[in-house]
Each structure stands twice: as structure tokens, then as C-alpha cells.
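As a plain string of letters, each chain reads:
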Amino acid sequence: MEEGDTMEERLSKIFSSYERRKDSLIPILQDVQEEYGYLPEEAMVGISKAIGVPESRVYAVASFYAQFRFTPMGRNHVMVCRGTACHVRGASRILDEAERCLDIKEGETTEDLEYTLETVACIGCCGLAPTIVINEDTYGRLTPKDIPKIFEERKETKE
Amino acid sequence: MTGPKRTLFICQGTGCVSSKSPEIRAKLIDETARLGLGDHVDIKLTGCHGFCEQGPIVVVEPEGTFYKQVSIKDVPEIVESHLQNNQPVERLFYNDPQTGEAIPCYRDIPFYSRQERNILRNCGNISPEEIDDYIDKGGYQAIKKVLSNMTPAQIVDEVKKSGLRGRGGGGFSTGTKWEFCFNAPGDEKYVICNADEGDPGAFMDRSLLEADPHALLEGMSIAGYTIGANKGYIYVRAEYPLAVKRLRTAIGQARERGYLGENILEQGFSFDVEVFLGAGAFVCGEETALIASIEGSRGMPRHRPPFPAIAGLRGKPTLLNNVKTYTYVPLIINRGADWLAGIGTDTSKGTAVFALTGKVANCGLIEVPMGITPREIIFEVGGGIPEGKEFKAVQTGGPSGGCLPASHLDIPVDYDSLTAAGSIMGSGGMVVMDETTCMVDIARYFLDFTQKETCGKCIPCRLGTKQMLDMLVDITEGKGRPEDIDLLVEMGEAIKKGALCGLGQTAPNPVLTTIRYFRDEYEAHINDKRCPALVCKALISYRIDKDKCKGCTICAKSCPTDAITGEKKQAHVIDQSKCIRCGMCLEKCPKKFRAVECVAGELDEGGQ
Numbered sequence: 002m003e004e005g006d007t008m009e010e011r012l013s014k015i016f017s018s019y020e021r022r023k024d025s026l027i028p029i030l031q032d033v034q035e036e037y038g039y040l041p042e043e044a045m046v047g048i049s050k051a052i053g054v055p056e057s058r059v060y061a062v063a064s065f066y067a068q069f070r071f072t073p074m075g076r077n078h079v080m081v082c083r084g085t086a087c088h089v090r091g092a093s094r095i096l097d098e099a100e101r102c103l104d105i106k107e108g109e110t111t112e113d114l115e116y117t118l119e120t121v122a123c124i125g126c127c128g129l130a131p132t133i134v135i136n137e138d139t140y141g142r143l144t145p146k147d148i149p150k151i152f153e154e155r156k157e158t159k160e
Numbered sequence: 005m006t007g008p009k010r011t012l013f014i015c016q017g018t019g020c021v022s023s024k025s026p027e028i029r030a031k032l033i034d035e036t037a038r039l040g041l042g043d044h045v046d047i048k049l050t051g052c053h054g055f056c057e058q059g060p061i062v063v064v065e066p067e068g069t070f071y072k073q074v075s076i077k078d079v080p081e082i083v084e085s086h087l088q089n090n091q092p093v094e095r096l097f098y099n100d101p102q103t104g105e106a107i108p109c110y111r112d113i114p115f116y117s118r119q120e121r122n123i124l125r126n127c128g129n130i131s132p133e134e135i136d137d138y139i140d141k142g143g144y145q146a147i148k149k150v151l152s153n154m155t156p157a158q159i160v161d162e163v164k165k166s167g168l169r170g171r172g173g174g175g176f177s178t179g180t181k182w183e184f185c186f187n188a189p190g191d192e193k194y195v196i197c198n199a200d201e202g203d204p205g206a207f208m209d210r211s212l213l214e215a216d217p218h219a220l221l222e223g224m225s226i227a228g229y230t231i232g233a234n235k236g237y238i239y240v241r242a243e244y245p246l247a248v249k250r251l252r253t254a255i256g257q258a259r260e261r262g263y264l265g266e267n268i269l270e271q272g273f274s275f276d277v278e279v280f281l282g283a284g285a286f287v288c289g290e291e292t293a294l295i296a297s298i299e300g301s302r303g304m305p306r307h308r309p310p311f312p313a314i315a316g317l318r319g320k321p322t323l324l325n326n327v328k329t330y331t332y333v334p335l336i337i338n339r340g341a342d343w344l345a346g347i348g349t350d351t352s353k354g355t356a357v358f359a360l361t362g363k364v365a366n367c368g369l370i371e372v373p374m375g376i377t378p379r380e381i382i383f384e385v386g387g388g389i390p391e392g393k394e395f396k397a398v399q400t401g402g403p404s405g406g407c408l409p410a411s412h413l414d415i416p417v418d419y420d421s422l423t424a425a426g427s428i429m430g431s432g433g434m435v436v437m438d439e440t441t442c443m444v445d446i447a448r449y450f451l452d453f454t455q456k457e458t459c460g461k462c463i464p465c466r467l468g469t470k471q472m473l474d475m476l477v478d479i480t481e482g483k484g485r486p487e488d489i490d491l492l493v494e495m496g497e498a499i500k501k502g503a504l505c506g507l508g509q510t511a512p513n514p515v516l517t518t519i520r521y522f523r524d525e526y527e528a529h530i531n532d533k534r535c536p537a538l539v540c541k542a543l544i545s546y547r548i549d550k551d552k553c554k555g556c557t558i559c560a561k562s563c564p565t566d567a568i569t570g571e572k573k574q575a576h577v578i579d580q581s582k583c584i585r586c587g588m589c590l591e592k593c594p595k596k597f598r599a600v601e602c603v604a605g606e607l608d609e610g611g612q
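If you read the sequences in order, they're chains A and H.
Per this note's numbering, the first sequence starts with residue 2, numbered consecutively.
Per this note's numbering, the second sequence starts with residue 5, numbered consecutively.
No wet-lab data here; the hints were simulated from the structure.
It is possible that some hints are incorrect.
Label pairs and their computed distance ranges (CB to CB) [claimed, not checked]:
1. A:R101 <-> H:F184: 52 to 58 Å
2. H:K501 <-> A:E157: 55 to 61 Å
3. H:D566 <-> A:M45: 29 to 35 Å
4. H:D452 <-> A:M45: 27 to 33 Å
5. H:K393 <-> A:R101: 36 to 42 Å
6. H:E497 <-> A:R101: 52 to 58 Å
7. A:E42 <-> H:L590: 45 to 51 Å
8. H:E134 <-> A:M45: 38 to 44 Å
9. A:E56 <-> H:D532: 53 to 59 Å
10. A:R142 <-> H:D452: 46 to 52 Å
11. H:G190 <-> A:E56: 33 to 39 Å
12. A:M45 <-> H:E494: 29 to 35 Å
13. A:E157 <-> H:A424: 52 to 58 Å
Simulated crosslink set (DSS-like; lysine-lysine; CA at most 30 Å straight-line) [unchecked claim]:
14. H:K470 <-> H:K500
15. H:K573 <-> A:K106
16. H:K552 <-> H:K573
17. H:K533 <-> H:K470
18. H:K595 <-> A:K150
19. H:K9 <-> H:K24
20. H:K235 <-> A:K150
21. H:K9 <-> A:K146
22. H:K552 <-> H:K572
23. H:K148 <-> H:K165
24. H:K592 <-> A:K106
25. H:K533 <-> A:K146
26. H:K552 <-> A:K156
Facing chain A, from chain H, some residues (calculated, C-beta under 10 Å) [claimed, not checked]:
27. L269
28. M437
29. T440
30. Y449
31. F450
32. K541
33. P564
Virtual Cβ for every residue (Gly too), placed ideally from N, Cα, C.
Let's have the full structure, built from the sequences with the hints guiding it.
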């Protein structure tokens, strides 16, 4: 799909791989989010028309599931694992420190759209607990004092 | 070069991938090629070996050499020394944590030698991306056998006779469930695999999907043939991208070879499988919610009956089982019901898979016979509690389960004993806790989780868990009242009785078990305003020992609220009114001084 395509074109490409019925709603929402990084309002209207389901219902379903978001995400997606293994090995202090470093709270995005900070129920590398994931990179066996270093290193490599 | 033709198995489960195992594999391929060893060495990627604590893991067969925590810079030495000159690299061997002895072969490591790996039989031994590896290990023999030699009724009998119970946590008899669905009238039926593993701290199903996806497909096909379904769904979390990718690869390969699709093995039976990505709602692990989700609705449970076996997906009879349950079925067909019935206890047959994590030396994925004790799991397979700490509790069943204390270390681990103790078998999460884990905080942690995940349909779960959570938060913040403990118990019991689905009916378990076994910790929080495990921030304090402090100023510089004052080379002091108890000073204080300490309860202004 080309960046230059209009939303209508981008959406119709997604719709073309699905049967236009209620059962396809969740996979379509997932594809739209994959395309845009979030669910833009106009896309929700488009989905509603495409599969013949009221807009209210599209919202009802999208807002029920944790995967879906209605606002754009930062370029760096920071996920602090709050699984039980991470919790007992000090995840809440890791989160505190990440919040302090980025000056945002869990669930928020920095104003410059550089970072989004979220917690996840479990990344599944419990052997590395406590862990955080930033985009594709996993950092494990952390202590709070590692957190500022991680953000500094990433900033440096970027520059 | 002399020596046998070798196969290297490089773990590429999520844990090891996180610590760069794909790069290690690429480097191994490069290095063996560079030394002209390519024909003598086969380099395979595998799913999880289970011993995640020691990842990334490389196993060299036929010797069974186990290399732990391998990094890219170790690769040339492994290739040159071991593969070329037959000298294994001793410094990468696993050392027994108790004796310090190096153990070269994985079969001798207590973590593995105490296990009985049936469901995990292929994990770490085959490439999950090559169907022939699965077939070489006897894969797809069971589907051949049932299609040519067994009637659906015979399969139902066999599964019933084996005593297999659902591995998702409920523990319902698998054979009986299959029988209901087999007998349910309807020309269209469905098979669904519940891989919506949502428990925090649990990764059994994910590892299995990543390591041995064909075993699940074979089990589901057998289920389809048995109940008369032609279509199956695997409902898997979208947060498991690697598992999804490997499943899709496996489905493609199985279709190509005629193990899935039209007219399987030309025996007149058709069955195909589709992957459905769960969108991140814990409640969808409940079967009716999961079905609503596939139908494109909010994942909210409904009243049962009718059970899905009679009226499930799109109103049709639907068989729902967990990944591990389906994976067990080909083994039962191949080895016979009596084989399974011979393992385990009277009422719980076979083995159980656990994701063993938390404060335990050997974190990882394990499989042990039912009836084993928590003590054997934690101290033999798990290698005990690290850093010389004291065991406090073991938690099974995730947010639906409970915490069992040291006095329960010798009960048998099976469905009924765990339920009697107030916990549940669950899907396989097992988190070990030591003296530094606060049991009130753990109860709050789990309830916070379930409270966020409640779907809101029934009042006991929606409002009851909220009320309980508010009380627990108060207790951890030092605002608890003595009568709160009994009120929590009363509410917990009421929610268990009144909630609509399994999520609500089990949500109070972590609270009820921690009150039952660790009431003294609740009382310390409420009556003495102390957190004995030094976890709850409002109920602990930090102070600097003026005799040990050398005035290096490191703590003062790291304090985010400038609460620490003191001249250079003079003892420092923490201003308790400014301290936010982040613990940074304790982290930063040089180990040779250890001047900062954390204590339970509040200190006065003078730090006493």
C-alpha cells in the first residue's frame, strides 16, 4: 500500500480481503490499526458502512478490546511488563522510573510523539524479569538505575 | 575433522529471541561454513527448551551438550573447539547452583532429569518450521490411525478411558466433553482451540505453539473427525506474533502435505483450521466470551446452559479445548489410553505443564507428573530460592488461583488437592514468592488485574471486585481498618457465588487465600502500619546509618526529590517528609558501605 493513497483507497484494499459481514469486524479493525497505528475516526465510519454494522457497534467492539487505540502512538513504544514474575522482581519500580524519565504517566504519549509508555500483562520472557520492550528491543534483568541509561543510549544511537 | 555428524539446536522461543538467539544462529552458520564444516553440522532453530533462565541456549547432539547464556562472541570458540576439534567449551556449561559442579549434558541437569516431558516432547528437539521434523518424531501417525482404523465413538471411548482432563484450568473430563459434542445433533460443528493465554506470568501455551505447532493441528484434526466438524479455529493472542507466524507456517505445510484441507490422506474426511487473533481481553479465555469474540462482538460471557458443546459458535455445536489438551490427544491415540491412565494420581492423569517463574533459581517451562509436590517442583526442578532467601508462597492459576504457604509444600499437585487448598490447577502459571514478596500487595496486584479485565456484565464481578480492590489499596496505603479483613472475606465469598462466569467466580481467590494463610501480614499493615516484606511504599521508610555513611554524596545526587542532605565526607540524612521511597539511594549506595537501609513502618523526623 502506498503512503500517497487516500484513506478510502487504503481502506478498500483492506476490506477486499474480507467477507462483508459482522464476523469480519475484529480482523478488519486489526488491519486498519496495523495500517495507521491507531483507529482514525473516519476509518471507523468507513468500516461501519463497509460491513453494514452501526457505527455505535464498531465503537463498542473496538473500545472493549485492549489492543485498539483511538489516538496516534509515539515513535517509540515503551512497554513495561507487569506480569507476575516481573511484579515480584520489582516491575513497579521500573515503571516509576520510566514515568519519571519520560515525564509521562502510564498510557500517555509525550508531546513530541517520541514516546508512548504502556504496561502489558505479560511479555512472556519471565526468565528475564523484570523486562521492558521498546519497539522491537527487549531489555531484561533490569534494576531502576538501568532505565535512564537505556533512554540515553537510544537517544545517542539515534543522533 | 573427526567425530559424529552433529546437530545444533538453537532455542528461538520468545525468551531466547529477546536475548539475540537468531543472531547467534546466523553466526554459527557463518562460522561452520568458514571452517568447511557445513556438511558435518546441521544447525536447527527450535522452540523453547524450557530452561529460560539460562537462555540463549544451544544444545549439541548427539552428545547432548548444553550451552547456557551463549553470546555471539562465544560462537567461534564453540565451532572451532567443539565442532572441529571435539573439545566441548567447558566455560559455557551449566553449573549446579548448590554444588557449583559443571554439568555438560542436559539430560543430567536436575532441571530436566526430574521432568517427564510428554506434551513438551518435541520442544527444543525439532524445528517448528519444518513439518518433516515433526513427522520424523512420529507426527501425524495418530491422524492416520484414526482415519483408517477408528470410529469416532471409539476415539471418544479412548479419550474417556485415558482420564484426560482439560488443561485450560477447569479440569473437566475431555472425553465427556467430546462425547457431548459428538452426540449433539447438527450437520455443522466447530472445533476451537483456546490459546488466549492471558494469565500474567504464564507462557506455556505460547511456548508450545512456538515449538511444536503441528502437534496441535493433529490433535484438532482428530477432534474434528471425532465430533464431525470440518472447520477449526485457533484463538490466539495477537501479542504472540512469533507463535502466530509459526502456526501459519505449520498450517500451510500441513495443507500442502494433505494433513489439512479437503479429503485428508484420501480418507474422505475434510478439515481445515483458521487462526483468529484475540484482541487483548482476558475474559475471552472464558469459552462463551471467546465465541462472542470470533462472532465479531464484545467478548462478554453468557449464561450456560446451553453449553457450547450443544450451541456454540454461530449457534452450532462447538468443541473448545486448550492447546495442551489437544496436544495430548495424538499421544493417547499412539500410546493408548492405559499409558496415560498409568501416570499421575487417581483423579488427575498424566502430566502437567507449568511456567515456573518468580523467585526461583531455574525459571522456565517444565512438565511434571500429576501428584508431584510443590517442594519437588520448586527445590529440585526449580533449584530452590536464589540469594539464600526464604520461601514464602507459591501461586498457581494466575489471577484465578491462590497463594499456598510453606505448610502446603508437600501436598500433591493435582486438580482436586489444589482446589481443596483454595487455589486451582489453572492453565499452568506457577509463581514462586520469597520473604521479599508482600502478600497483601500480591492480592492487590491480582485483583487490580481482574478488576481491569472484568467485562462489566454482572454486578458481583463489576462492582464487587472494585470494592475489594479499593479496600486492598487502602490497606497497602496504611488506611485499612481492622474490620476490613472479615469484610473482604465476606465479599469474596459472595462474588464467588454470584458472578456469571469463571473470571468473577475465581477473582477473589488470591485475596481469600492470602487472608487464609497470611492473615498476620494483613494485620501488620492495618494495625501496626508496617509492611513486613518492605514492599508497600506508604508503610516503609529509608534511613541512612550514620556510622556506615562515608559522605560520598552519591545518594544525594541520585535522589529525585532532593530529600538527602549532608556535607561531603559527613554522614547524610534523609528528610522523611520529602522522601518518596523510590529506593534509588539504596540502589546507588556503594556495596562497600551499605549505609542505606529500608525498614518497615514510619520513621520520625530524626530518622528513628
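Comparing the hints with the structure gives:
1. Checking the proposed 52 to 58 Å range against R101 (chain A) and F184 (chain H) shows it holds: the Cβ atoms sit about 55 Å from each other.
2. In this structure the supplied range 55 to 61 Å holds for K501 (chain H) paired with E157 (chain A), their Cβ-Cβ distance being about 57 Å.
3. In this structure the hint that D566 (chain H) and M45 (chain A) lie 29 to 35 Å apart at CB is violated, the actual value being about 47 Å.
4. Here the CB-CB span from D452 (chain H) to M45 (chain A) is close to 30 Å, well matched to the stated 27 to 33 Å.
5. Under the hint 36 to 42 Å, the C-beta atoms of K393 (chain H) and R101 (chain A), about 28 Å apart, miss the expected range.
6. In this structure the hint that E497 (chain H) and R101 (chain A) lie 52 to 58 Å apart at CB is violated, the actual value being about 41 Å.
7. Against the hinted window of 45 to 51 Å, the Cβ-Cβ separation of E42 (chain A) and L590 (chain H) comes to about 48 Å, which satisfies the hint.
8. Checked against the given bound of 38 to 44 Å, the beta carbons of E134 (chain H) and M45 (chain A), roughly 42 Å apart, stay inside it.
9. Between E56 (chain A) and D532 (chain H) the C-beta distance comes to about 55 Å, which sits within the given range of 53 to 59 Å.
10. Between R142 (chain A) and D452 (chain H) the beta carbon distance is about 24 Å. The supplied range of 46 to 52 Å is therefore violated.
11. A C-beta distance of roughly 34 Å is found between G190 (chain H) and E56 (chain A), which places it inside the suggested range of 33 to 39 Å.
12. For the pair M45 (chain A) and E494 (chain H), the beta carbons lie near 44 Å from each other, so the given range of 29 to 35 Å is not met.
13. Checked against the hint of 52 to 58 Å, the pair E157 (chain A) and A424 (chain H) passes, with Cβ atoms roughly 56 Å apart.
14. Restraint check: the Cα-Cα separation between K470 (chain H) and K500 (chain H) comes to about 14 Å, which is no more than 30 Å; the hinted pair holds.
15. Using a Cα cut-off of 30 Å, the hinted pair K573 (chain H) and K106 (chain A) is violated, with the two alpha carbons roughly 37 Å apart.
16. Straight-line distance between C-alpha atoms of K552 (chain H) and K573 (chain H) comes to about 11 Å, which keeps the hinted pair within the 30 Å bound.
17. Under the criterion of a C-alpha separation no larger than 30 Å, the hint pairing K533 (chain H) with K470 (chain H) is consistent with the structure, at around 23 Å.
18. A distance of roughly 20 Å separates the Cα atoms of K595 (chain H) and K150 (chain A); the hinted pair therefore holds under the 30 Å criterion.
19. With a C-alpha separation of about 26 Å, the suggested pair K9 (chain H) and K24 (chain H) falls inside the 30 Å cut-off, and the hint holds.
20. Proposed proximity of K235 (chain H) and K150 (chain A) is contradicted: the alpha carbons are some 51 Å apart, above 30 Å.
21. Straight-line distance between C-alpha atoms of K9 (chain H) and K146 (chain A) comes to about 47 Å, which puts the hinted pair past the 30 Å bound.
22. Of the pairs offered as hints, the one joining K552 (chain H) and K572 (chain H) holds, with about 14 Å between alpha carbons and a cut-off of 30 Å not exceeded.
23. Note on K148 (chain H) and K165 (chain H): the hinted pairing holds, with a Cα-Cα distance of about 21 Å set against a maximum of 30 Å.
24. With a C-alpha separation of about 24 Å, the suggested pair K592 (chain H) and K106 (chain A) falls inside the 30 Å cut-off, and the hint holds.
25. Straight-line distance between C-alpha atoms of K533 (chain H) and K146 (chain A) comes to about 29 Å, which keeps the hinted pair within the 30 Å bound.
26. Using a Cα cut-off of 30 Å, the hinted pair K552 (chain H) and K156 (chain A) is violated, with the two alpha carbons roughly 37 Å apart.
27. Evaluation of the L269 (chain H) hint against chain A yields a violated restraint, the C-beta minimum of about 29 Å exceeding 10 Å.
28. A cut of 10 Å between beta carbons decides the hint on M437 (chain H): the least distance to chain A is about 6 Å, and the hint holds.
29. Annotation: T440 (chain H) was flagged as interfacial toward chain A, and the flag holds, the nearest CB pair being 8 Å apart, inside 10 Å.
30. At about 6 Å, the closest approach between the beta carbon of Y449 (chain H) and any beta carbon in chain A falls short of 10 Å, and the interface hint on this residue holds.
31. Taken as an interface hint, F450 (chain H) checks out: its beta carbon lies about 8 Å from the nearest beta carbon of chain A, inside 10 Å.
32. Look at K541 (chain H): its Cβ gets to within about 9 Å of chain A, closer than 10 Å, so that hint holds up.
33. The closest approach between the C-beta of P564 (chain H) and any C-beta of chain A is roughly 6 Å, which is under the 10 Å cut-off, so the hint is satisfied.
In terms of the numbered hints stated before, the structure departs from hints 3, 5, 6, 10, 12, 15, 20, 21, 26, 27, listed from lowest to highest.
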